[in-house]
Amino acid sequence: MMRIVYTKPKSMKDVPTHYCPGCGHGIIHRLICEIVDELGIREDLIGICPVGCSVVAYNYFDFDMIEVAHGRAPAVATGVKRSRPDKVVFTYQGDGDLASIGMAEIIHAAARGEAFTVVFVNNAIYGMTGGQMAPTTLLGQKTTTTPFGRDHKMEGYPIKIPELLSSLPGAWYLERVAVNSPGNIRKTKKAIKKAFLTQIEKNKFSLVEVLSPCPTSWRLSPVDAIKWMEEQMIPYYGLGTIKDEGIQVVREK
Amino acid sequence: MKKLLLSGNEALAEGAVRAGCRCYFGYPITPQSEIPAYMAKRLRQVGGVFLQAESEIAAINMVYGAAATGMRAMTSSSGPGISLKQEGLSYLAGAQLPALVVNVMRGGPGLGNIAPSQSDYFQATKGGGHGDYHLIVLAPFSVQEMADFPHLAFDLADKYRNPVMILADAILGQMMEAVELKNNEKNRLIEKPWAVTGARGRPQNIIRSLFLKEGELEAHNKLLQKKYRIMKKNEVRYQLTGDPDPEVLLVAYGSMARVCMYIMPRLKKIGVRTSLIRPITLWPFPYDIIEDISKKVKFIFVLEMSEGQMLEDVKLASREKCPVYFYGRMGGGVPEPEEVLTKIEEVLKVESKRKNYKIRR
Chain B
198 MMRIVYTKPK SMKDVPTHYC PGCGHGIIHR LICEIVDELG IREDLIGICP VGCSVVAYNY
258 FDFDMIEVAH GRAPAVATGV KRSRPDKVVF TYQGDGDLAS IGMAEIIHAA ARGEAFTVVF
318 VNNAIYGMTG GQMAPTTLLG QKTTTTPFGR DHKMEGYPIK IPELLSSLPG AWYLERVAVN
378 SPGNIRKTKK AIKKAFLTQI EKNKFSLVEV LSPCPTSWRL SPVDAIKWME EQMIPYYGLG
438 TIKDEGIQVV REK
Chain Z
8 MKKLLLSGNE ALAEGAVRAG CRCYFGYPIT PQSEIPAYMA KRLRQVGGVF LQAESEIAAI
68 NMVYGAAATG MRAMTSSSGP GISLKQEGLS YLAGAQLPAL VVNVMRGGPG LGNIAPSQSD
128 YFQATKGGGH GDYHLIVLAP FSVQEMADFP HLAFDLADKY RNPVMILADA ILGQMMEAVE
188 LKNNEKNRLI EKPWAVTGAR GRPQNIIRSL FLKEGELEAH NKLLQKKYRI MKKNEVRYQL
248 TGDPDPEVLL VAYGSMARVC MYIMPRLKKI GVRTSLIRPI TLWPFPYDII EDISKKVKFI
308 FVLEMSEGQM LEDVKLASRE KCPVYFYGRM GGGVPEPEEV LTKIEEVLKV ESKRKNYKIR
368 R
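Respectively, the protein sequence lines represent chains B and Z. Per the working numbering, residue 198 is the first one in the first sequence, and the count goes up by one each step. Per the working numbering, residue 8 is the first one in the second sequence, and the count goes up by one each step.
The set of hints was computed from the structure by calculation and includes no laboratory data. It is possible that some hints are incorrect.
Reference excerpt, derived from the structure (chain B facing chain Z, CB under 7 Å, subset only) [as the list claims (entries may be wrong)]: (1) I243; (2) Y255; (3) F260; (4) D261; (5) I263; (6) E264; (7) R269; (8) V273; (9) T275; (10) V277; (11) R279; (12) S280; (13) R281; (14) E302; (15) H305.
Listing some non-contacts, in silico: residues in chain Z with all C-beta distances to chain B over 10 Å [stated by the list, open to error]: (16) K133; (17) R236; (18) E353.
Virtual Cβ for every residue (Gly too), placed ideally from N, Cα, C.
Start from the sequences, fold in the hints, and give me the full structure.
What follows is the structure, encoded as structure tokens:
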């Protein structure tokens, strides 16, 4: 007798995505949908996708979604969660969005300890607009706006967001993962699930940074993009838990 | 009914709470800071949400989030802060989200000053942010209207799924008057089946303003324009007061309408029959009534605390049926009744020397 061991998550629509070959968004979308199904939160979930390649994520996620302005997702999520505290809320943000134009919004949301989950996809570049330098672009990395490679004397240093947020008491769970290998993809799922549970169980702020490939804007084949991630990105950023205040603690009054 | 002595800002805040507003997000700026201070206390009493945002940009986006879930949400600010909110206003209009934004106008441009002004008229009525969109813009002229208009604003916002702005000024925000607070407990809260509240027993809801497929955005714009045409047809509000057979028409809104009302009896004493149109909706603007009256009067006189912004709409409305004169002061200068009277008398002298000095009927 045959047994189904792998199927499309219920909260994911059965449509092709617009993402480029080798892009990490499709993997991360699927992981989120698997988690949503496993936690049974689809009908209480509100997702928020700001400007970036994933701005039309509502075409793939089959639950309530809000599309918002560049960088403003944490502010919108604050408005949603504060007015509907019984709902599960997450933002899905890129590195240009979160670490550049939306820096004030993410820091203050974390400082206030807003009870939503942030999935922060870092591919070290602006993909949607054609490969410009992001605040997370590595030193020496060539982009259309750093044609000679990022130079710290000119463009400063790449920003490590979870480390930056870790000094804030409001930030409860911060982790960096990558989607470069099956093992790391499993760890990514575990981290995002834990981030949702931090919201559901503890009513606290959580952020998972996912290092993700962008072969098109990196001007690499999907295989070489993974290699570049492993040789350049992961060594610079480092994977693992940056901060974890725990979710097994008894709920506060 | 019992009357209370309240400042315009306090009256507006209480009016908003009574209109069912349960979410306020704002950032401090003079001369509207009494609104967040009032809301911080009051919303807690009614189980609402008050949050001081990290910026005006964050505040308007928090409103966007709360409005997306179907709540009556608002923010308030003044010129420099309202400029920062323009991105959010464009998104609210594009995504068709109802919300209330209050501008208690101060002097500009730039940081300007904190004195009264009406220099944000263009910004409020002609777009302000990017794209072909309009806000409904309400202009109160008394503390009573500061208290009453939030209810009207939220009803209109919900009815049309469109952001509404209350355009007041520092005089109206700071002055105190006796107010009758209406109990709006039975709010006409309408169903919002489009709101994102979790897709329970229904298909997914999406709030968005991005339409990338060919022709999709044009169709969306046409839909918005259709809505704006209905607003223009149904929502024009104004007050017409004074002589039923005027030879001079005054046009002024907000606190400047009060100056006009103050000098009208004086003009009557010197034998000048005057009436006043006070636009209550600055958008949609009362073009038709001004056009009608402009056929009958010798001239129109517009008074504003700006270099003449509403003046352009009055000129459009009058279709050159009669001359349109203007007096205004900028940068916090408030026209005194005496100086306005002097200006009108000067115009009367000029107009009486005209060859065709006849009342057209």
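Going down the list of hints, with the structure as the test:
1. I243: Given a least distance of 5 Å, the restraint on I243/B holds.
2. Y255: 5 Å, holds
3. F260: Because about 5 Å separates F260/B from the closest Cβ in chain Z, which is inside the 7 Å limit, the hint holds.
4. D261: Given a least distance of 4 Å, the restraint on D261/B holds.
5. I263: 4 Å, holds
6. E264: Cβ of E264/B sits 4 Å from chain Z, so the hint holds.
7. R269: 4 Å, holds
8. V273: This hint holds: V273/B lies near chain Z, its Cβ roughly 4 Å from the closest one there, short of 7 Å.
9. T275: Constraint on T275/B satisfied, holds at 5 Å.
10. V277: 4 Å, holds
11. R279: 5 Å, holds
12. S280: Constraint on S280/B satisfied, holds at 4 Å.
13. R281: It holds, given that the least Cβ distance between R281/B and chain Z is near 5 Å, below 7 Å.
14. E302: 6 Å, holds
15. H305: Check passed: Cβ of H305/B comes within 4 Å of chain Z, closer than 7 Å.
16. K133: 21 Å, holds
17. R236: 26 Å, holds
18. E353: 49 Å, holds
The earlier numbered hints are all upheld by this structure, with none contradicted.
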